[in-house]
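Colleague: For reference, the chains in residue letters:
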Amino acid sequence: MASGQLVLTVLMGVFLVGVAAFLSRVEDWRSYTPLASGGGGGYGEAGAHVHREKPAGITRWLTTVDHKDIGILYGTYGVIAFAVGGLMAFLIRLQLVAPTGAVVGNEFYNAILTSHGITMLFLFGTPIIAAFSNYFIPLLIGADDMAFPRINAIAFWLLPPGALLIWAGFFLPGMSGAQTAWTMYTPLSVEQTNVGVDLMLLGLHLTGVSATMGAINFIATIFTERDDDVTWANLDIFSWTILTQSALILFAFPLLGSAIVMLLLDRNLATTFYAVGEGGGPMLWQHLFWFFGHPEVYILVLPPMGLVSYILPRFSGRKLFGFKFVVYSTLAIGVLSFGVWAHHMFTTGIDPRLRASFMAVSLAIAIPSAVKTFNWITTMWNGKVRLTTPMLFCIGFISNFILGGVTGVFLASVPVDQVLHDTYYVVGHFHYIVMGAIGFAIFAGVYFWFPIFTGRMYQRTLGKWHFWLSMIGTNVTFFAMLFLGYLGMPRRYATYDFNSAIAPLDMVTLMHQAASAGAILLLIGQLIFVWNILQSWLEAPKLEDADPWDLKETDQHGREFQWHERRTATALADGGEEEEAVTDGGEVVDDDADDTSDD
Amino acid sequence: MEEQPGLSDQYRTASPWPLLVAVGFALSEVGVFLDIFPIAVGGILLLGGSVAGILGESGYTRRPWRTLAFLGVGFAVLGGALVATQLPGSSVGLLEIVGDPNGIVGRGLAVVVGGTMLVVAGAVSQAVGRTQGV
Chain X
104 MASGQLVLTV LMGVFLVGVA AFLSRVEDWR SYTPLASGGG GGYGEAGAHV
154 HREKPAGITR WLTTVDHKDI GILYGTYGVI AFAVGGLMAF LIRLQLVAPT
204 GAVVGNEFYN AILTSHGITM LFLFGTPIIA AFSNYFIPLL IGADDMAFPR
254 INAIAFWLLP PGALLIWAGF FLPGMSGAQT AWTMYTPLSV EQTNVGVDLM
304 LLGLHLTGVS ATMGAINFIA TIFTERDDDV TWANLDIFSW TILTQSALIL
354 FAFPLLGSAI VMLLLDRNLA TTFYAVGEGG GPMLWQHLFW FFGHPEVYIL
404 VLPPMGLVSY ILPRFSGRKL FGFKFVVYST LAIGVLSFGV WAHHMFTTGI
454 DPRLRASFMA VSLAIAIPSA VKTFNWITTM WNGKVRLTTP MLFCIGFISN
504 FILGGVTGVF LASVPVDQVL HDTYYVVGHF HYIVMGAIGF AIFAGVYFWF
554 PIFTGRMYQR TLGKWHFWLS MIGTNVTFFA MLFLGYLGMP RRYATYDFNS
604 AIAPLDMVTL MHQAASAGAI LLLIGQLIFV WNILQSWLEA PKLEDADPWD
654 LKETDQHGRE FQWHERRTAT ALADGGEEEE AVTDGGEVVD DDADDTSDD
Chain G
791 MEEQPGLSDQ YRTASPWPLL VAVGFALSEV GVFLDIFPIA VGGILLLGGS
841 VAGILGESGY TRRPWRTLAF LGVGFAVLGG ALVATQLPGS SVGLLEIVGD
891 PNGIVGRGLA VVVGGTMLVV AGAVSQAVGR TQGV
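From first to last, the protein sequence lines are chains X and G.
With the working numbering, you'll find the first sequence wraps up at 702, consecutive numbering, no jumps.
With the working numbering, you'll find the second sequence wraps up at 924, consecutive numbering, no jumps.
The hints are simulated quantities; they were obtained by calculation from the structure and are not laboratory data.
Incorrect hints may appear among the rest.
To be verified - Sample of chain X residues facing chain G (criterion: CB under 7 Å; computed from the structure):
1) Thr-112
2) Leu-119
3) Ser-127
4) Val-129
5) Glu-130
6) Lys-157
7) Pro-158
8) Thr-166
9) Val-168
10) Asp-169
11) Ala-256
12) Ile-257
13) Leu-261
14) Leu-305
15) Leu-309
We treat Cβ as the ideally placed atom computed from N, Cα and C, and that holds for glycine.
Isolated chain G, as found in the complex:
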């Protein structure tokens, strides 16, 4: 055991992300399951953002903004798949069902919207960062 009590300042023991990951997870779970659109979208934004943040902070990914966009794609695909389960086989009923969503479609759309916002945020920030040379 190598601790040197009172001076273990060799490594950082603080990170803002775990709290946000947990709250994001809780909010998105509640929002999606109970079909509360604003909470679902906000929760997914927070979850995606904080997961990208924590992965970047701990060195698992090199570019947090790109990770954010990838996570967004994942959410969007997941939500899209949920919506797709409710589409009638051949006819193009997408607009109808989006206009008057049932329980499953409403939930799927929330996930799609959250995911898309993550993608946009990731792409825009990446572009802005590049122009600023960061």
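Excised from the complex, chain X in its bound form:
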């Protein structure tokens, strides 16, 4: 034990010395004196404009505070997390091909089930949305950067340690992955002595801090950094959804952080917050968790709805139908989302009058959601629809969102929920939303803005393959799950070798196999996606047309593409925008480009 501490101390010392060495190489403290920061000091290197904006190589990525670079970092991180979480999901589906479990042990199954959920929600979902918002919100509102660029970078850099901690149980000696399921219900999560659970909770806490910092930054940016001609009246729909999402994060994530700290104290310092008897009991955890957990659903779905509302009109040749009502419905969902949490607890024995009121509010959320859905459909109605890959993903989003949404309405109803609670019906329902809707909108965003991210175009045929494999895969996998729920198959089980006298085992097995077959389609589709993105980014020819989607024809050339056009126009002939400094004079800036109001 003592030698272990010694080794750790030495390692820590070496690490800190390394940090100091790194700092002394890249940074000059003396430039921090007030004289120098005033720009007119006696230190030769003080004037920032003498340097190029970004250092070269890996240092650029480790030290960047530029919103576009941070957006790309978030995106890369999100895709890696998506791959990890996706492979865990694939392993889950592989396991369930046979009633006795096909490939892994029950405990490992529990661990990947837990980690799949947490990875997809906290390490993929929230960060990938932040990728888009970091890159595009400043461009869409005409800001130079985020309001707090350094906090923006801190928020990102909290995520890699968070991910390592969440996955630590799998690779650190003497530990195993947490088996708490993503909901971490007490007393189960208090009783598991595995240190992997503590590390996962700490990692989760870090991602929560990160999300909160990001949210504060977006609120400040959208409120204070808008260009003069961007008003509340013509603020684009994606910024509206990010603003609402940030408000939800601000109220929801600190609560999760506090609940997690209390859970950690219960586990490590013998407090009794969630103890049965002298403490709040399991119900306290469920209330706190779902008071965060349900807004989290909208934290994840509102910005993708914004993406669809933004992209879909551009390939329909029409403006978004009922723009104002789409904004109002966003705000309505944001408010209502805090009044529905106990619909996750209908079967816990809470007061029936409470259940009824939570049922009413939950059903009420269907109204603004339907407003959005009908507005998307009416936007396409009689429009000049162009079935590009981003548009296909938008339409797929609507289709899947309807299926996920309608099944949600059933679950919001107390009597139906009492039958279907904790069955695969619930799993099918929310996967239609998180994969079928959120995932699809993310893909739409990636394809739509790929020319801006990279200056190149993706391979269209591969994009179509990706869409159709994802669409068919999603519906095969998750429709089978809805059906499994009707058959009474409980969620989370590692095996289902039931007595066939009490369950239609053949049918259950068949549906599980169907779901796994769909997962294979999904896996192939995502491999194609990653290949397409990577290869096109590296090898596709430079795109010379700054308006690759012909948005000018329908007067939908948004501020981000106007920025892209100016960047393309003023880039040096060799395409290296940062290769050498360019003088300020003599550049032709397209003044007309600034005066279009977006949407």
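Chain G: place on chain X using the hints.
Modeller: Only chain G this time, still in chain X's reference frame:
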């Protein structure tokens, strides 16, 4: 929108501190919560140092070394308060409890040690800087 694409070298978009703030935060959280003394102390050093650095770089504070010392005082007081919660009311049991710390005292001591090291680092560097005229 005033960007001039390709030549936005008007302001710096690089800072070494955010990465270090995040890693320092993560390390100190893990170290303190799991009661791993070296990680807790190292994490607090890194967190305090990088917070002082980032505040100095962005112009919120004028003297990074003094900020460092102030942060150290904050940590030391926080850790001290944690230790104090475990002291018996009247008797002077400090030495005993430091000699054989329980979970809370061990964590508190780590924070105190980290904070004290920050104070010392800040004070020494300030003094050295003054003698060198920086």
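Colleague: If a hint holds in the structure, say so; if it does not, say that too.
Modeller: To see whether the hints hold, each was checked on the structure:
1. Thr-112: holds (4 Å)
2. Leu-119: Hint on X/Leu-119: holds, closest Cβ of chain G at ~6 Å, below 7 Å.
3. Ser-127: Violated: closest Cβ of chain G sits about 10 Å from X/Ser-127, beyond 7 Å.
4. Val-129: With a minimum Cβ separation of about 5 Å from chain G (threshold 7 Å), the hint on X/Val-129 holds.
5. Glu-130: At 5 Å from the nearest chain G Cβ, X/Glu-130 passes the 7 Å test, so the hint holds.
6. Lys-157: Holds, because the Cβ-Cβ distance from X/Lys-157 to chain G comes to roughly 6 Å (cut-off 7 Å).
7. Pro-158: holds (6 Å)
8. Thr-166: Hint on X/Thr-166: holds, closest Cβ of chain G at ~4 Å, below 7 Å.
9. Val-168: holds (5 Å)
10. Asp-169: For X/Asp-169, the interface hint holds, since the closest Cβ of chain G sits about 4 Å away, which is under 7 Å.
11. Ala-256: Because about 3 Å separates X/Ala-256 from the closest Cβ in chain G, which is inside the 7 Å limit, the hint holds.
12. Ile-257: holds (4 Å)
13. Leu-261: holds (5 Å)
14. Leu-305: holds (6 Å)
15. Leu-309: holds (6 Å)
Going through the hint list in order, the structure does not satisfy hint 3, though it satisfies all others.
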